[in-house]
Amino acid sequence: MIYFDYASTAPVNPKVLELYTQYLHDYFANSESHHPLGTEVSKLLEGSRRKTAALLRVEPSDIVFTSGACEANSLAIKGYAFSHMNRGKHLITTAIEHSSVLNSMKQLEDVFGFEVTYLGVDSEGKIRPEELRAAIRPDTILVSVMMVNNETGSVQPMEEIKQILKEYPTVKLHMDGVQALGKMKIDLNGIDMASFAAHKIHGLKGCGVLYRKKNIELMPLISGGDQEFGIRGGTENACNYAVFGDTLEYALKDMEEYEGHVKECNRYLRERLSAIDGVLINSPDDAIPYILNISCMKLPSEVHMNALGSEGFCISSHSTCHTKKNVLSYVAQEMGITGKRQLGILRISLGNDTTLEECEKLCDAIKENIRKYGIRK
Amino acid sequence: MESANEKYGYILVRFGELSTKGKNKKDFIRQLTRNVKYALSAYPQLEYRNDRDRLYIFLNDTDPVPVSQRLKDVFGIRSFSLAIKCEPEMEAIKQAALYAAQKEWNEGKRTFKVMARRNDKSFPFVSDQINRFVAGRVLHETELKVDVHNPDFPLIVEIHKDAAYIMAHTELGAGGYPVRVGGRAMMLLSGGIDSPVAAYEIMKRGVMIECVHFASQPYTSEQAKEKVLTLAKMLSRYQGPVRVHVVPFTDLQLAIYDHCPENYAITIMRRMMVRIAEELAKKNKCLALVTGESVGQVASQTLESMGVINEVIKLPVIRPVATWDKLEIIAKAREIGTYETSILPFEDCCTIFTPKDPVTKPRSDRAEQYESRFDWKELLDKAVENTETVTMSEE
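Protein chains in written order, with my numbering: chain A, 1 to 377; chain B, 1001 to 1395.
No wet-lab data here; the hints were simulated from the structure.
Ideal Cβ positions, reconstructed from N, Cα and C, are used throughout, including at glycine.
Do not take every clue at face value.
Here are the in silico distance ranges between beta carbons for each label pair [claimed, not checked]: (1) A:Q333 with B:E1368: 41 to 47 Å; (2) A:L24 with B:R1014: 55 to 61 Å; (3) B:K1326 with A:T338: 30 to 36 Å; (4) A:Q107 with B:G1337: 33 to 39 Å; (5) A:T21 with B:L1172: 53 to 59 Å; (6) A:D277 with B:K1377: 30 to 36 Å; (7) A:N86 with B:G1337: 52 to 58 Å; (8) A:L17 with B:K1326: 50 to 56 Å; (9) A:L17 with B:E1340: 36 to 42 Å; (10) A:H35 with B:E1171: 58 to 64 Å.
From the structure, some residues in chain B lie toward chain A, with a derived Cβ separation under 10 Å [stated by the list, open to error]: (11) T1033; (12) Q1217; (13) P1218; (14) Y1219; (15) T1220; (16) S1221; (17) E1222; (18) A1224; (19) E1226; (20) T1250; (21) L1254; (22) Y1257.
With the hints as constraints, model all of the structure from the sequences given.
Next comes the structure, spelled out in structure tokens:
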């Protein structure tokens, strides 16, 4: 089996797994309990929070653990919108966000009377900062932008966005950083909230992080006790959260070590694939090297995925969250990719363990599949 | 007082159409009994006893509700009833009937009618007398009333030489003939809504099925194959294990695509499919092919198409839902529980091969001409040779 679906999820780092297993065994208590074992668990959890904060260069009290990035995105957007709707009911986001952002926005529009501006993107999948500026209104309270797109790897001009929003202190900025974490340097300066997921960086599923500046008030979406600063109720998934600090530390180290290697794999893939008749590269040149989006003009992705699957490759056509419904990629649509080019999309996503040999095999397979199964007439 | 389970300790099963089947009757009953035992194999405490036109299941404290539910899937059963068994003696019969009647009263029933039947003609009273005696006791001991035209429940009394049975309910069985008495047929199972219904209908005629499925990977997905296997598993409810022959069809499909005009692709494809199905049928001693075709539903199911497709094989082709309309088929699919699986969105045949304008009135000379353009026989033999067989059953 050859894995090219790291943008969906990554295998758990064995060191993380070992630590987690040990924690599960030894520290089962409720982190809120006031007995010695509860206190121990609480210490581990807070240690993880401190380590995470240090690695992201923020304060420990800015770090909220959640069940994952979907929850973090929902909490940031809806939690902020609910507690600040007296100031205004206008939000700005992009048309290529993850479904957890888009559906939160849609819910706010449909049920709670908010207005949302969706910024379009250019052919490289990036927003135009001047359009953001033009969209800001007196009643705008929040802008939510993903740093790296999950289907194309396109990187948004975050620094320009921050510069613009500096001029509007009442407009807060949320960043979906899920696909950026462990893949590129992240500067949280000038950002009010950001979402991350552990399982995308070789951590455990069931752990997300919402960074939110202490002064940002959020209305809890899950009501409960005082857990996570009263923002998120429910007995802590303590052992899971307790290993996040280490997960992040390993991921950032690995990024330094393997970035060059992944770039090389990406370069190789781009070179070989663009030489195949009818294959087009959709990811812009400056996308992160971990995601490469291509189109095979002669082979619909559905068929191509079946073929690659039976040949032992794990790969997605676009966002895994949508493939079950078999709908076309809206991200591609927004970038102006339509017709056969949209039908034939494959998302190749790489990890630090991806080898050049695997990339070679994938290119061979894609070439052969197009020859064997592609449209000939 | 005895518990209800001790009282209602039996299920009395009445045979269906087979009662009229003369000299084959013995075989039919033997097969039906075997099928019932197979269907109820999850309940090892059950004991069985046959006579000429009844099967008696002794519950031995088994919960009758799931047993009854399962019995409804066995073809060849006309109806069945939960029964109280007692001595074939008037006082015992009256006692048991009273117990049954009181139970109905407690459930809100108010009127009844006794229906006695005397299988053992040496029993000292005739049916009419039995009716009177039993009704008399019930009327005397309860507040139930007799209503001969429209009773809330019937009080059925059956008297045999060694025992009598008292019943107050009759449930309809699935009808038809016991599976396997009608030989074996090869079912073309596509994964759509129609073919599982057709399979059900042919099994109901006592015919055991094996299934053939054409897999065109990668144009069809692994999930599409899994879906067909799931449907076969559902069908095994009615006959026991179902064998599915999965034919690798991709190479043949590609050759058709390369050599034949687009509008004839489906006609040629169907001709290849029935040829393969016939080969597999012969290999596996199946006497007919069965399909889920419904006249006029799609281009390949017009009478012209059926003719051009059918003419390449000799075995009879049974089309149980040929005259049903789509809504009838869907209703049946829901009833037998295959609908939800059938509509799962794994495309059966990739859009690459779906012609924009398939021919609705194909001609055999043309089909033959297009087929002569390539060596399909070799590809067909290879497909048959590489066919994999999977056996699906519920457990």
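Against the structure, the hints come out as follows:
no., hint, result
1, A:Q333 with B:E1368: 41 to 47 Å, "holds (46 Å)"
2, A:L24 with B:R1014: 55 to 61 Å, "holds (59 Å)"
3, B:K1326 with A:T338: 30 to 36 Å, "holds (34 Å)"
4, A:Q107 with B:G1337: 33 to 39 Å, "holds (35 Å)"
5, A:T21 with B:L1172: 53 to 59 Å, "holds (57 Å)"
6, A:D277 with B:K1377: 30 to 36 Å, "holds (33 Å)"
7, A:N86 with B:G1337: 52 to 58 Å, "holds (53 Å)"
8, A:L17 with B:K1326: 50 to 56 Å, "holds (52 Å)"
9, A:L17 with B:E1340: 36 to 42 Å, "holds (38 Å)"
10, A:H35 with B:E1171: 58 to 64 Å, "holds (60 Å)"
11, T1033, "violated (45 Å)"
12, Q1217, "holds (6 Å)"
13, P1218, "holds (3 Å)"
14, Y1219, "holds (5 Å)"
15, T1220, "holds (7 Å)"
16, S1221, "holds (5 Å)"
17, E1222, "holds (7 Å)"
18, A1224, "holds (9 Å)"
19, E1226, "violated (12 Å)"
20, T1250, "holds (8 Å)"
21, L1254, "holds (8 Å)"
22, Y1257, "holds (8 Å)"
In this structure, the earlier hints numbered 11, 19 are contradicted, and the remaining ones agree with it.
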